[in-house]
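When you get a sec, could you build the whole thing from the sequences and use the hints?
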Amino acid sequence: MATPEDRLAELGIALPAPMAAVANYVPFVITGNQLFVSGQVSVMDGALMKGRLGEDLELSAGQHAARACGINLIAQCKAALGELSRVKRVVKLGGFVNCAPDFTDIPQVINGCSDLMVEVFGETGRHARSAVSCPVLPLGVAVEIDGVFEIGA
Amino acid sequence: MATPEDRLAELGIALPAPMAAVANYVPFVITGNQLFVSGQVSVMDGALMKGRLGEDLELSAGQHAARACGINLIAQCKAALGELSRVKRVVKLGGFVNCAPDFTDIPQVINGCSDLMVEVFGETGRHARSAVSCPVLPLGVAVEIDGVFEIGA
Amino acid sequence: MATPEDRLAELGIALPAPMAAVANYVPFVITGNQLFVSGQVSVMDGALMKGRLGEDLELSAGQHAARACGINLIAQCKAALGELSRVKRVVKLGGFVNCAPDFTDIPQVINGCSDLMVEVFGETGRHARSAVSCPVLPLGVAVEIDGVFEIGA
Chain R
82 MATPEDRLAE
92 LGIALPAPMA
102 AVANYVPFVI
112 TGNQLFVSGQ
122 VSVMDGALMK
132 GRLGEDLELS
142 AGQHAARACG
152 INLIAQCKAA
162 LGELSRVKRV
172 VKLGGFVNCA
182 PDFTDIPQVI
192 NGCSDLMVEV
202 FGETGRHARS
212 AVSCPVLPLG
222 VAVEIDGVFE
232 IGA
Chain G
82 MATPEDRLAE
92 LGIALPAPMA
102 AVANYVPFVI
112 TGNQLFVSGQ
122 VSVMDGALMK
132 GRLGEDLELS
142 AGQHAARACG
152 INLIAQCKAA
162 LGELSRVKRV
172 VKLGGFVNCA
182 PDFTDIPQVI
192 NGCSDLMVEV
202 FGETGRHARS
212 AVSCPVLPLG
222 VAVEIDGVFE
232 IGA
Chain D
82 MATPEDRLAE
92 LGIALPAPMA
102 AVANYVPFVI
112 TGNQLFVSGQ
122 VSVMDGALMK
132 GRLGEDLELS
142 AGQHAARACG
152 INLIAQCKAA
162 LGELSRVKRV
172 VKLGGFVNCA
182 PDFTDIPQVI
192 NGCSDLMVEV
202 FGETGRHARS
212 AVSCPVLPLG
222 VAVEIDGVFE
232 IGA
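Chains as they are written, first to last, in the numbering used here: chain R, 82 to 234; chain G, 82 to 234; chain D, 82 to 234.
Keep in mind that the hints were calculated from the coordinates and are not lab data. Some hints could be false.
The list makes no distinction among identical chains, and a pair is therefore deemed to hold if it is satisfied within one copy or across any two copies.
Unchecked claim - DMTMM-like mimics (lysine to aspartate or glutamate), calculated; alpha carbons at most 25 Å apart, straight line:
hint, residue 1, residue 2
1, 159, 183
2, 159, 137
3, 131, 183
4, 169, 91
5, 159, 91
6, 159, 86
7, 159, 204
8, 169, 86
9, 159, 200
Written out as structure tokens, the structure reads:
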């Protein structure tokens, strides 16, 4: 059976070095059988994906940004767990989109991350989520997403 | 002793068919004895409750919208658990209100949902929560609320 | 070994009486070995720390506001647990900053709370977190932060 790592390879996704926390917080915490991953911003290949939906970013660019957050979330899971097959369930994603006040396609943006989770983890990747907006995000990025994962031994 | 379903009936609330997820996420995930419910937007009887507090919505309308989110959260609990008495505690609600930048009565809006939880679940319904604002919400709705619930067998 | 209470004393921090919930929600809920604390707003010595980053508040004032949220979170932990040494890990902080749309130093604001957690709890205080913005917060405060804590017997 294909592992999540196999599926990443099929998708042509090389996980980046997980971003280190730059302050007194950490990228992830494991408590019991839950892995909490810090909010991951839209950065790909070291480049910030900046902008505001409904202002200077198209929906498709927002979806790419959300997908980048997803790749960064998975990179943190890999760093935390060693093998991604230890993810027993993607439990909850919290999605925040940098939006102009008249942009309402927020769920469609976050789908860029949700779709990736199912592409990589299969049924295990189906998750609960919230999808909301912010007037701005750290460093001007387009999307930030945090996550809770159920893990096995 | 009255069940939560009995209290809903006394309140004249008929749970709607729970909203299905329309993408690669799901309305709820159970992990261990925790039920995570996706952010529920303010929709009642199939009609979106849209608008922005401090702009085109009065506080009372916002409270009704938050109550609608609460009804939708309970509908997801019912779908997940069969019997609402399996809810041992409403643990945490995350409330997001579509607000103009000068509207500060955000907690009062979310009370529309908090009050419902106690009306339906009694002491079990008393929960931790956050109550914050967003410049816009999915589909232009007034309120979105997600939840974590402790469940029993 | 110094307890968190000892470190608070060294830091010259007297925990305030924890803020009571003023509605049908509560300041905290314990479920299993997790303590969920409601979003704590920036209030210190009974005075609201109001304002919007990038508009009428400097970064340093925002950091002080985030630190106040942290003190209030710790006050709730103390109320919930009796002894702060029962906190086995600060698991996750959810930080919300009242921001103008061009203010991007959101993580630096929330560091005011993150730093406090490590000052008080040591390594146990290193946590996952999200750091996002809102167009406004309850009562016009500058910062709101909620938390999840792992607790022991």
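Hints versus structure:
Neither within a single protomer nor between protomers do residue 159 and residue 183 lie at most 25 Å apart by alpha-carbon distance, with minima of 37 Å and 34 Å respectively. For a Cα distance limit of 25 Å, the shortest separation of residue 159 from residue 137 qualifies neither inside one copy, at 33 Å, nor across copies, at 42 Å. Taking CA atoms no more than 25 Å apart as the test, residue 131 paired with residue 183 passes in both settings, with 18 Å inside one copy and 12 Å between copies. Taking CA atoms no more than 25 Å apart as the test, residue 169 paired with residue 91 passes inside one copy only; the shortest distance there is 21 Å, against 40 Å between copies.
In the homo-oligomer, the alpha carbons of residue 159 and residue 91 lie at most 25 Å apart inside one protomer (17 Å), although the nearest pairing across protomers, at 39 Å, exceeds that limit. Taking identical chains as interchangeable, the C-alpha atoms of residue 159 and residue 86 lie at most 25 Å apart only when both belong to the same chain, with a minimum of 9 Å there against 36 Å between chains. When the C-alpha separation of residue 159 and residue 204 is checked against a cutoff of 25 Å, the pair qualifies both within a copy, at 18 Å, and between copies, at 22 Å. In this assembly of identical chains, residue 169 and residue 86 lie within 25 Å of each other by CA distance solely inside one copy; the values are 14 Å within and 32 Å between copies.
Only within a single protomer do residue 159 and residue 200 lie at most 25 Å apart by alpha-carbon distance; the minimum there is 16 Å, versus 29 Å between protomers.
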